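Trainee: All chains, please: the whole structure from these sequences, using the hints.
So the chains spell out like this:
Number of protein chains: 4
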Amino acid sequence: MSRKLKIGIAGLGRMGARHANHFNALTPRAELIAACSPAPHELEWAATNLPDVRTYSSFDEMLENETALEAVVIASITAAHAEQAIKAMQKGLHVLCEKPLSIDAEISQTVVDTYAKSIKQYPSQKVMCGFSRRFDASYQDAYAKTRSGLIGRPTIFRSQTCDKRDPSGFFINFAASSGGIFVDCSVHDIDLALWFLGEDSVIKSISAVGVSAVSPGLDAHNDRDNAVGFVEFWGGKIAYFYTCRMMAAGQEDSTEIIGTEGKLTVNMQPQMNLVSIYESTGIRKEIPQNYYDRFREALVNEANEFVACCLDDKPLPLKLSGAVSAVRIAHALQESMISGKKIDFDEAGTRIVPTLNGH
Amino acid sequence: MSRKLKIGIAGLGRMGARHANHFNALTPRAELIAACSPAPHELEWAATNLPDVRTYSSFDEMLENETALEAVVIASITAAHAEQAIKAMQKGLHVLCEKPLSIDAEISQTVVDTYAKSIKQYPSQKVMCGFSRRFDASYQDAYAKTRSGLIGRPTIFRSQTCDKRDPSGFFINFAASSGGIFVDCSVHDIDLALWFLGEDSVIKSISAVGVSAVSPGLDAHNDRDNAVGFVEFWGGKIAYFYTCRMMAAGQEDSTEIIGTEGKLTVNMQPQMNLVSIYESTGIRKEIPQNYYDRFREALVNEANEFVACCLDDKPLPLKLSGAVSAVRIAHALQESMISGKKIDFDEAGTRIVPTLNGH
Amino acid sequence: MSRKLKIGIAGLGRMGARHANHFNALTPRAELIAACSPAPHELEWAATNLPDVRTYSSFDEMLENETALEAVVIASITAAHAEQAIKAMQKGLHVLCEKPLSIDAEISQTVVDTYAKSIKQYPSQKVMCGFSRRFDASYQDAYAKTRSGLIGRPTIFRSQTCDKRDPSGFFINFAASSGGIFVDCSVHDIDLALWFLGEDSVIKSISAVGVSAVSPGLDAHNDRDNAVGFVEFWGGKIAYFYTCRMMAAGQEDSTEIIGTEGKLTVNMQPQMNLVSIYESTGIRKEIPQNYYDRFREALVNEANEFVACCLDDKPLPLKLSGAVSAVRIAHALQESMISGKKIDFDEAGTRIVPTLNGH
Amino acid sequence: MSRKLKIGIAGLGRMGARHANHFNALTPRAELIAACSPAPHELEWAATNLPDVRTYSSFDEMLENETALEAVVIASITAAHAEQAIKAMQKGLHVLCEKPLSIDAEISQTVVDTYAKSIKQYPSQKVMCGFSRRFDASYQDAYAKTRSGLIGRPTIFRSQTCDKRDPSGFFINFAASSGGIFVDCSVHDIDLALWFLGEDSVIKSISAVGVSAVSPGLDAHNDRDNAVGFVEFWGGKIAYFYTCRMMAAGQEDSTEIIGTEGKLTVNMQPQMNLVSIYESTGIRKEIPQNYYDRFREALVNEANEFVACCLDDKPLPLKLSGAVSAVRIAHALQESMISGKKIDFDEAGTRIVPTLNGH
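Chains as they are written, first to last, in UniProt numbering: chain A, 1 to 359; chain B, 1 to 359; chain C, 1 to 359; chain D, 1 to 359.
A couple of the hints might just be wrong.
When chains are identical, the list treats them as one kind, so a pair holds in a single copy or across two.
With a Cα cut of at most 20 angstroms, we get these calculated EDC-like pairs of lysine to aspartate or glutamate [claimed, not checked]:
1. K91 to E61
2. K91 to E106
3. K145 to D293
4. K285 to E305
5. K145 to E286
6. K87 to D219
7. K4 to E279
8. K91 to E42
9. K6 to E31
10. K285 to D141
11. K314 to D219
12. K6 to D141
13. K314 to D293
14. K285 to E261
15. K145 to E279
16. K6 to D52
17. K341 to D141
18. K4 to D52
These aren't lab readings, by the way, just hints derived from the structure by calculation.
Note that the structure is predicted; figures quoted are calculated from it, not measured.
Mentor: In structure tokens form, the structure reads like this:
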């Protein structure tokens with residue numbers, strides 16, 4: 001029972017360092033034994049903050065040397081996710097990979113395909129893409145209530161990922177590699193939509209629009225800083241999304257699940273904590289300033305649940321294939337936003353290509 | 001059905017002008033025909049704002065000349081309330097008197113006694129002291145729910161009247177004639193306590209403390225700008241109160257009714273309207289800045305209900321004697337706050353005077 | 001100053017009776033002198049509730065006989081709005097017409113055109129289409145704050161009109177004449193979008209989807225009980241809408257205005273009043289059950305402001321042409337929802353008809 | 001840096017098991033090496049849930065055998081707290097003792113006195129009484145804001161500890177040893193009052209009342225299930241408290257800190273998480289059902305901060321003497337509630353004994 005899962009982590013950047021701290025200190029059944037990063041300052045950070053963890057400047061080297069390794073957490077740059085995940089799988093390791101597997105849906109699919117093969121060889125192998133919001137206590141409560149039938153049949157799903165405005169212009173530089181705002185931000189909302197409306201939901205149509213309100217430079221990258229889109233599913237279900245990078249107050253990630261008999265909302269009034277401030281201008285609540293402020297506990301929970309699934313050989317709470325579905329939808333939203341065209345799909349979910357006679 | 005009650009108003013100061021507007025324009029079954037005030041600028045206000053209303057510089061003159069008058073609304077200075085109410089009653093008129101009848105409980109009692117005699121002569125006569133909070137839609141809803149048994153037996157009652165800090169020092173000048181903070185402010189909360197816990201509740205003990213946090217000048221008037229007190233009733237019921245004159249954000253009048261099976265709250269989160277403001281410092285709600293911002297609708301409602309009771313000869317929703325009970329309790333709280341002594345009452349509600357051997 | 005505007009009302013159904021009460025009792029500067037309805041039970045209602053008002057079974061008759069009439073309020077069935085408005089205008093009367101002028105945009109336009117001519121003959125004539133939400137105190141506050149620059153440049157507008165589920169099936173029967181859910185419900189949100197984003201906003205594209213989740217019978221009328229749509233405007237502004245007829249809790253009409261420097265929300269947490277109920281299942285707030293619960297004060301405010309504009313010859317707060325714009329957009333959303341096609345417009349706002357070579 | 005503090009725990013009941021889990025799994029810098037309990041079923045629980053921890057049936061035995069021990073966590077029955085704390089101190093161990101040190105203020109004082117002597121021998125020794133609420137993120141935020149001057153001078157402090165009604169009657173049986181509702185529940189609020197108003201605040205008077213609304217059996221133990229009390233401090237500061245054991249909805253522990261320039265509130269609207277439930281009866285929020293639901297994170301935080309202070313020889317965030325002050329005040333409130341008498345203190349904080357001539 002007190003055996004600990006031996007874990008290595010790839011990438012010690014902003015998210016990587018958080019994961020490293022979680023697995024090192026807040027995941028009692030895990031033991032972080034190794035970490036790798038090509039960035040010298042990240043390795044320095046590890047030397048100070050993870051003194052008991054061996055460090056490497058390359059992923060391959062870590063895999064080669066750490067023969068006791070049982071699982072890897074991949075929090076490197078997105079472009080490295082798929083390759084590292086595949087290499088780790090081929091060694092029989094469990095994998096927790098930060099989202100997305102890749103901003104490219106086809107490459108994402110290869111990760112899923114590799115896992116499908118790998119699991120035949122390693123039947124207990126666990127590979128999960130980290131959609132952290134699924135591990136948030138409020139989303140889990142809303143999901144349990146939805147499953148219990150409290151709101152009847154879930155029909156309309158609204159969700160938004162809205163970041164506080166970052167005047168540093170980080171997003172513009174990041175735009176080239178982010179896959180776009182729907183892929184980078186809304187992919188969380190899309191994953192939630194599939195969770196609540198059914199992972200087997202088949203897309204009927206997609207339409208989106210966007211504007212660059214405060215970062216006109218995004219247009220050059222075929223990206224926007226505000227975007228609205230909807231996804232219609234066969235069988236009478238709709239998900240619609242808003243995402244933005246210019247919120248004044250902070251991180252505003254909220255969700256509504258509307259069913260035939262009731263509705264559930266998550267975080268309709270963001271709040272940092274339980275304090276209210278009464279001052280001459282009114283009553284004020286501070287709110288989370290970033291994703292981590294809001295979802296730190298979810299990430300810790302994710303770490304613990306992943307480890308428990310590996311150690312106890314339990315089924316993972318989310319399927320790897322969902323990560324591909326979410327990215328595919330995100331890409332279609334991004335495409336629709338840029339092209340200005342609605343995209344239709346047949347009942348098998350296959351895209352309908354418009355012909356000369358219209359679609 | 002379309003007959004209108006002919007009304008005269010005494011006093012056109014801050015509250016008087018509001019009442020005049022309500023009876024003139026927002027009480028369809030009333031007709032404001034006359035108004036009086038000893039203050040020339042108030043009569044000028046009336047000339048402009050109530051052009052169809054005859055004005056007088058004295059109450060007696062108004063009563064003498066306006067032979068068609070059916071009811072008077074008394075919103076003059078507190079010291080004039082009792083005398084004017086008694087004079088109007090003696091003419092057989094209906095009376096709506098602003099609270100308090102008097103800051104002196106004995107004088108208040110004479111108004112009640114006069115009414116008890118007068119109603120024998122004029123059986124349809126209505127005399128009401130305007131505890132406006134009873135006409136607020138939220139308090140009425142809470143009361144109906146309490147009566148329905150929703151929270152079991154009401155046991156603990158908490159209520160506060162908290163004014164926005166007024167840097168003009170108005171309260172200090174007013175302290176000499178206000179009767180003190182419990183009489184001026186908490187009397188509303190005390191009236192509500194009697195309403196929710198039972199008008200027949202018998203006091204067992206009273207204890208209060210106060211501080212002058214921002215207006216040290218109040219001490220000279222035996223008053224304070226913050227006060228806390230409780231009233232224990234025989235039969236296992238407690239009301240406790242907080243009142244203050246230094247709130248930063250605005251008017252904060254909130255109430256909790258705690259029963260053996262549930263709890264109701266009124267206005268635990270003050271708000272001016274349904275708007276929320278998201279800005280770099282968080283999410284902000286503006287709140288009412290004064291009593292009128294919060295209770296304007298209640299006052300209009302009071303005017304309409306009073307008129308309906310007069311025209312339709314229906315029982316008034318609150319008993320005049322309650323106004324005396326509330327003032328008596330307010331005085332005892334004020335006394336306890338100043339003397340630093342708890343005051344005890346026997347099961348008949350008679351004050352127990354401590355003897356040399358203790359009480 | 002105390003002159004009263006003489007008003008006649010057409011239609012005494014659900015909304016008509018409310019308007020009649022407002023103009024009769026809660027609009028001090030108005031005098032309701034006449035009312036008409038072809039429905040005998042509505043005239044009976046008037047005989048009881050509006051005893052001082054003369055009644056007619058036809059609109060023409062009312063106009064002919066009531067020579068003192070200065071203004072009419074049109075609250076008859078939608079199909080009669082345009083004709084009655086035009087007839088009244090031609091008599092030189094002021095007109096307050098319930099929304100929509102017509103479910104047909106071309107007919108709506110004829111009302112606007114008639115007014116353009118009529119006002120040359122009667123320069124003080126006021127004709128307004130009753131978008132009541134503009135008279136709600138919270139929306140007015142949000143609008144003033146937006147105008148003041150508090151949120152920078154308004155960019156994204158989200159609004160929803162969501163009705164409580166009505167198990168009687170009323171909506172299905174009404175679907176044939178309602179113009180559809182976007183025309184019947186979202187027209188309010190569209191009007192608000194134009195108000196906040198600018199009345200001169202030019203549409204770039206429209207896309208919508210819908211489902212019939214609880215009223216499958218609506219499909220036969222080309223209608224749905226849940227619909228999501230967006231309107232993209234030239235110049236980098238987006239409005240998106242949700243509307244539904246199956247809310248469990250009650251009326252949920254909420255709005256967000258997202259600007260480059262901040263955000264305002266209206267009614268993100270619906271509430272009936274300021275009471276909270278604490279019981280074994282948690283803390284509960286009751287919410288408005290229908291449009292009137294939520295917007296009664298706005299309707300009264302609308303009546304008073306309309307009357308003031310007529311009596312004082314002030315400009316109306318909203319332009320009649322806006323009513324046509326809102327209906328045109330609503331129709332395009334409805335069309336897009338039914339056809340499954342996105343609709344594009346050029347920079348002049350002219351619809352682009354897709355050609356054989358695609359659009 | 002990665003050295004871990006070796007810890008033993010005394011008591012594995014409800015709170016003890018929680019502490020054991022926190023120190024075992026959620027306090028990375030601690031190593032729980034031993035546990036003791038006289039209760040066989042608690043030791044069985046440890047065998048299953050703390051397999052790596054050595055267990056003992058007596059505290060003395062644990063202390064004797066575990067020579068590597070550096071700190072003990074005392075979560076045994078209240079009556080054992082003081083003796084165990086003193087024994088551990090005498091061995092030079094760090095001590096984290098659950099509140100209260102004792103329900104008897106004099107015994108509590110002996111713990112403080114022992115520490116005062118012990119620290120001369122062991123200058124790095126840390127002894128803390130676990131007022132867990134001080135480690136809650138919201139209270140810490142409110143405290144930091146208060147210290148920063150945001151609300152001016154803190155003047156009025158209101159706080160309540162309200163438990164969900166427990167129909168099992170547990171409290172009645174517990175009443176005999178709990179010290180009473182003020183000692184058992186309000187001691188947290190009192191400690192917070194001293195924190196926010198100043199640890200050096202000197203009591204001027206105390207008055208309290210209570211009722212047994214749902215558990216009449218409490219009267220036999222000189223206890224109540226609802227109690228209200230206030231503490232007046234010299235220098236113009238007041239704290240007032242409400243505590244109850246019959247809340248319908250759940251745990252409602254809320255606090256207001258009112259200063260001369262503003263106000264802060266903590267948890268004025270309890271909530272379990274960020275989910276809202278929309279159903280036919282309105283909008284509902286679930287709330288914490290017990291103290292642990294609400295303060296789990298605070299307890300984990302407390303464990304980590306205590307360990308950090310021990311390992312890094314940092315000053316503890318709260319003084320041991322405060323635990324005695326809080327218990328003394330709680331006792332005086334309880335006494336006042338039972339005797340029905342107000343208790344006065346002179347400017348040195350010495351109780352004034354009423355004489356034959358009154359006080």
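Trainee: Next step is simple, just say for each hint if it's right about the structure.
Mentor: Hint by hint, here is what the structure shows:
| no. | hint | verdict |
| --- | --- | --- |
| 1 | K91 to E61 | within (13 angstroms within a copy, 49 angstroms between copies) |
| 2 | K91 to E106 | neither (22 angstroms within a copy, 65 angstroms between copies) |
| 3 | K145 to D293 | between (25 angstroms within a copy, 19 angstroms between copies) |
| 4 | K285 to E305 | neither (32 angstroms within a copy, 27 angstroms between copies) |
| 5 | K145 to E286 | between (28 angstroms within a copy, 12 angstroms between copies) |
| 6 | K87 to D219 | neither (36 angstroms within a copy, 52 angstroms between copies) |
| 7 | K4 to E279 | neither (50 angstroms within a copy, 44 angstroms between copies) |
| 8 | K91 to E42 | neither (25 angstroms within a copy, 43 angstroms between copies) |
| 9 | K6 to E31 | both (5 angstroms within a copy, 19 angstroms between copies) |
| 10 | K285 to D141 | between (24 angstroms within a copy, 12 angstroms between copies) |
| 11 | K314 to D219 | neither (45 angstroms within a copy, 45 angstroms between copies) |
| 12 | K6 to D141 | neither (30 angstroms within a copy, 37 angstroms between copies) |
| 13 | K314 to D293 | neither (30 angstroms within a copy, 27 angstroms between copies) |
| 14 | K285 to E261 | between (32 angstroms within a copy, 17 angstroms between copies) |
| 15 | K145 to E279 | between (38 angstroms within a copy, 12 angstroms between copies) |
| 16 | K6 to D52 | both (13 angstroms within a copy, 18 angstroms between copies) |
| 17 | K341 to D141 | neither (37 angstroms within a copy, 37 angstroms between copies) |
| 18 | K4 to D52 | both (15 angstroms within a copy, 13 angstroms between copies) |
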